[in-house]
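Asks: Here are the chains, one letter per residue:
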Amino acid sequence: MSADKLIKMANQIGMFFSAMPDREQAVKDTAGHLRRSWEPRMRRDFFKYIDDHGTNGLSDILLEVVKTKRAELEPPKVA
Amino acid sequence: MSQFNGIDFGTPASGATESVQLEIDGVDVTVPAGTMIMRAAAMAGIQVPKLCATDSLDPFGSCRLCLVEIDGKRGTPASCTTPVEPGMKVHTQTPRLAKLRKGVMELYISDHPLDCLTCTANGDCELQDMAGAVGLREVRYGMDGANHFETAVKDESNPYFTFDPGKCIVCNRCVRACEEIQGTFALTIDSRGFASKVSPSQNEDFMGSECVSCGACVNDCPTATLSEKSVIENGQADHGVTTTCAYCGVGCSFVAEVKGDQVVRMTPAKTGRANEGHACVKGRFAWGYATHSDRLTKPMIRAKITDPWQVVSWEEAFAYTAKEFRRIQAKYGRDSVGGLVSSRCTNEEGYLVQKLVRAAFGNNNVDTCARVCHSPTGYGLKQTLGESAGTQEFKSIEQTDVIVVIGANPTDGHPVFGSRLKRRMREGAKLIVIDPRTTDIVDGPHIKASYHLKLRPGTNVAVLSALSHVIVTEGLMNRDYIAERCEEKAFKDWCDWAAKPENSPEAMEEFSGVPADELRGAARLYATGGNGAIYYGLGVTEHSQGSTSVIAIANLAMATGNVGREGVGVNPLRGQNNVQGSCDMGSFPHELPGYRHVSDSITRALFEDAWNVQLESEPGLRIPNMFDAAIEGSFKGLYVQGEDVAQSDPNVRHVTHALESMECVVVQDLFLNETAKFAHVFLPGASFLEKDGTFTNAERRISPVRKVMAPLCGYADWEVTQLLANALGYPMNYSHPSEIMDEIARLTPTFHGVSYQRLDELGSIQWPCNEEAPDGTPTMHVDHFVRGKGRFMITQYVPTDEKVTRRFPLLLTTGRILSQYNVGAQTRRTENSRFHAADLLEIHPQDAEDRGIREGDLVSIESRAGTTALPAVITERVQPGVVYTTFHFPESGANVVTTDNSDWATNCPEYKVTAVQVARVNRPSEWQEQFQAFTDEQNQLLARRHSLPAGE
Chain P
1 MSADKLIKMA NQIGMFFSAM PDREQAVKDT AGHLRRSWEP RMRRDFFKYI DDHGTNGLSD
61 ILLEVVKTKR AELEPPKVA
Chain L
1 MSQFNGIDFG TPASGATESV QLEIDGVDVT VPAGTMIMRA AAMAGIQVPK LCATDSLDPF
61 GSCRLCLVEI DGKRGTPASC TTPVEPGMKV HTQTPRLAKL RKGVMELYIS DHPLDCLTCT
121 ANGDCELQDM AGAVGLREVR YGMDGANHFE TAVKDESNPY FTFDPGKCIV CNRCVRACEE
181 IQGTFALTID SRGFASKVSP SQNEDFMGSE CVSCGACVND CPTATLSEKS VIENGQADHG
241 VTTTCAYCGV GCSFVAEVKG DQVVRMTPAK TGRANEGHAC VKGRFAWGYA THSDRLTKPM
301 IRAKITDPWQ VVSWEEAFAY TAKEFRRIQA KYGRDSVGGL VSSRCTNEEG YLVQKLVRAA
361 FGNNNVDTCA RVCHSPTGYG LKQTLGESAG TQEFKSIEQT DVIVVIGANP TDGHPVFGSR
421 LKRRMREGAK LIVIDPRTTD IVDGPHIKAS YHLKLRPGTN VAVLSALSHV IVTEGLMNRD
481 YIAERCEEKA FKDWCDWAAK PENSPEAMEE FSGVPADELR GAARLYATGG NGAIYYGLGV
541 TEHSQGSTSV IAIANLAMAT GNVGREGVGV NPLRGQNNVQ GSCDMGSFPH ELPGYRHVSD
601 SITRALFEDA WNVQLESEPG LRIPNMFDAA IEGSFKGLYV QGEDVAQSDP NVRHVTHALE
661 SMECVVVQDL FLNETAKFAH VFLPGASFLE KDGTFTNAER RISPVRKVMA PLCGYADWEV
721 TQLLANALGY PMNYSHPSEI MDEIARLTPT FHGVSYQRLD ELGSIQWPCN EEAPDGTPTM
781 HVDHFVRGKG RFMITQYVPT DEKVTRRFPL LLTTGRILSQ YNVGAQTRRT ENSRFHAADL
841 LEIHPQDAED RGIREGDLVS IESRAGTTAL PAVITERVQP GVVYTTFHFP ESGANVVTTD
901 NSDWATNCPE YKVTAVQVAR VNRPSEWQEQ FQAFTDEQNQ LLARRHSLPA GE
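These protein sequence lines map, in sequence, to chains P and L.
FYI, the numbering for the first sequence is 1 to 79, going by this note's numbering.
FYI, the numbering for the second sequence is 1 to 952, going by this note's numbering.
What the hints contain is simulated information worked out from the structure, not anything from laboratory work.
Treat the hints with care, since some could be wrong.
Listed next, with one range per pair, are the computed distances between beta-carbon atoms [as the list claims (entries may be wrong)]:
id, chain 1, residue 1, chain 2, residue 2, range
1, L, N922, P, S2, 35 to 45 Å
2, P, F47, L, E474, 40 to 50 Å
3, P, D51, L, T291, 56 to 66 Å
4, P, A71, L, T473, 38 to 48 Å
5, P, F47, L, N922, 42 to 52 Å
6, P, A71, L, R479, 38 to 48 Å
7, L, R807, P, N56, 23 to 33 Å
8, L, R334, P, S2, 19 to 29 Å
9, L, T271, P, L63, 51 to 61 Å
10, P, E72, L, G852, 54 to 64 Å
11, L, Q614, P, S2, 25 to 35 Å
12, L, E771, P, L63, 44 to 54 Å
13, P, K67, L, G788, 26 to 36 Å
14, P, E72, L, D801, 20 to 30 Å
This structure is a prediction, so every number in the text was calculated from the model and none was measured.
Quick reminder that beta carbons are idealized off the backbone N, C-alpha and C, glycines included.
With these hints in hand, go ahead and build the complete structure from the sequences.
Replies: Set out below in structure tokens:
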């Protein structure tokens, strides 16, 4: 799916949680929201874009999410 | 008054808890204190003659028919205006009273046309009944002399009812209904004495007056003066069926008055808890679409959308669809198909569609149009309070002291609730309106808002943050409530954040445009004015920060202790009839019924056991994600029940591109709607009059929908879904929707106590309804929040990306109008189009002048997404810099202009903020011309539809 759109949506989610005073919790909540609401192919395309093009355009909190929470966000392998 | 709508007790119930004992005609009667004698008598089965009294209106005491005698009291007081007293001995039938009543009736009848046999109201006329009741046998005055009926001119201007002043007895019931129930004050009694007459506005006809055609006056007319044209045409019904309106989220209860299988009229049910006998122009009158000639009643298929339709049997349609979906899944993967179910469908239909997707398609790609309206409500209220639903029943507003309406226009979008709101205001409640437009509730007959915070579109969170700041920094919080009921640390974090200077009204004024002193005044009023209740609509949710706004609203309510009792609360005004229900039923791609996430293995196991299938644990695609995936090439098949995404969803060109990218689009609908023009399979649908089921309104009230006529296509919608599932090899064998509800109740804790039998017993049920609340739950979060402790959350204001620029200097916001409903597929096929025949662009006089635009000019509206053209209306309802339109007509292309920006949490589209430029033009936009050409082509393909020869 459109990488621009996925990155924009991810940053929007991060923007909400980044207002929380507990940064660790904010990173966790951002990842949790992505995990609970993004269909696997959205997460797959998101990570594929990052792998192919780098993390340009990601906000700080999303960079932390990608760095520390990627394993739990990875979608199941397609059979 | 409808003969199928129960007893008319003559005067309203008193509502008092203390009792009074008295004697009426020798019968001991015990009634609540404050009850009028007329009602007390009716409660004992004693009917006192009456004409100007009816139990939906306050007593008036003008007709002098209901006179009674009371031992120890002089004269003959009117029973409708005399309250009961302990030990009172009342006589309703005496020779003196009989003589008086006969004299009164004689006068009435001396000025009434004696055409009973050919009169519309024959057999349903209170004047006729009273003549019989008092034993009128002669009219001594004769029929000579001046009268009102020989020269009366009938007003037939309204499309739904006539006004015949020649039959009017000037009882004032219509005038009082317009004032007391509807709150429009469109009617009055003009002149005095013999010249007295009912007058719409200042001697206008009904269509030319302020009348909103709610039908309250027609309902309360005791004669044929105000008569439904459908009754004039068809005669009176032979039976009535209580059912639920299929329009907005108020969910009014109606009696469908039916002759054979023909609906003669719909009258609001007095026993309906949501509407208590009131209605609006849509539910009351706009039901003719159900039998409109545009209805398609046979299944059709075609390989390409450029092919003519082929009419096929149901079996062929199901076999073709199943084969196509299985082919697509084999080629592109299990997740390449999905389903949408409209929030106009019943709970049972919604439940079956999500079951079909999860069990037969084998994925979670199911969504509902609640996605594009109230999905942020589900998220925001679940996070803060613990349940994805409003907290009150509508009646609760009778206990409210300060009403806050944010991003909602109840007198247009939720008219029956709007009337409740106005009534409460006339009783003294204060109102705060937060809206970019001046809606009718801001300043109307006998109502005026204390504050209208006329914010810039897209700045709700800025305003709500400022209100929070005032409440926190001025110490207006309910500390005891918070300490007892809310999470301590989350509250402290929120307080620290709200108190920051950048959240002050003075700082936020720059963004919102709302003067700081008004923000401060409104915050103080809400926090200190007594019971505060917040009502909000799509003006809150349809933003990039929609969920943030819902959370901010919940924060305000918790901070002031305004959740958990009558008169307060957080109340989403749901757009369509079953938005609440479709969400409850698991129509979202990440939640099973009852708002349980698909990753919850215990819940999944429950459904896997019941459905005998393994369920996917990953969330599915939301509607906008489906469109993106379709364009990208991984989503190829869609089953759409009752939605019209090609009109209702934002960025229409993106949506139609997505539909064109799919290989099998299946549309189940009453009409060939805009989406069906991109479909490969058309399955005919059934209207709410043609099936059984339930709707759940904005109060969480589950109400019965009852079949009054057979489905024109042969099947109710739930049967179609079931047969499609069977064709896909997943067995479903329900014989009645009640069995579907039984399954829902079995698998959903908040529905454990719901059944069709209980609905028949109680009339309607507000969930949760289970072992702890066997009769349902009118008020939620009493004593404690559903989630345990209420959770404050920080709601930082983030300006939308949709910003004004030199190229796009205005902000477009969209909304609804009273007479049309959503995409208009229903109301456009009724006489309601006479009230609103086209979408128009509202523009401020200054902005119009700057552009040389005059009233009625065709103007282009151009955004980053697209361009359309509409006639302009110049009005100060909108502020400078803001333009507004509705989206009820597909050719208007309002959603060609809106963008695919969406709410961060739920992807609810940002319909309410689009940066645009407006300019005079002399022709429709390119999109509109293409739309017209495509529509013509599709209509041709429909007209050329043919049946396949046998064997092909």
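Asks: The structure should be examined with respect to each hint, and the outcome stated for every one.
Replies: How the hints compare with the structure:
Taken as a hint, the range 35 to 45 Å holds for the pair L:N922 and P:S2, whose Cβ atoms sit roughly 36 Å apart. Checked against the hint of 40 to 50 Å, the pair P:F47 and L:E474 passes, with Cβ atoms roughly 48 Å apart. Hint check: P:D51 to L:T291, Cβ distance near 58 Å, so the stated range 56 to 66 Å holds. At about 43 Å, the CB distance of P:A71 to L:T473 agrees with the hint of 38 to 48 Å.
Distance hint check: the CB atoms of P:F47 and L:N922 are about 51 Å apart, consistent with the given range 42 to 52 Å. Range check, P:A71 to L:R479: about 43 Å between beta-carbon atoms, so the 38 to 48 Å window is met. For the pair L:R807 and P:N56, the beta carbons lie near 27 Å from each other, so the given range of 23 to 33 Å is met. At about 23 Å, the beta-carbon gap between L:R334 and P:S2 stays in the expected band of 19 to 29 Å.
Hint check: L:T271 to P:L63, Cβ distance near 59 Å, so the stated range 51 to 61 Å holds. For the pair P:E72 and L:G852, the supplied restraint of 54 to 64 Å holds, since their beta-carbon distance comes to about 58 Å. At roughly 32 Å, the beta carbons of L:Q614 and P:S2 sit within the given window of 25 to 35 Å. As the Cβ distance of L:E771 to P:L63 is approximately 49 Å, the hint placing it in 44 to 54 Å holds.
Judged by the Cβ atoms, the range 26 to 36 Å given for P:K67 and L:G788 holds: they are separated by roughly 33 Å. The hinted range of 20 to 30 Å is satisfied by P:E72 and L:D801, whose Cβ atoms lie roughly 29 Å apart.
The structure shown violates none of the earlier numbered hints.
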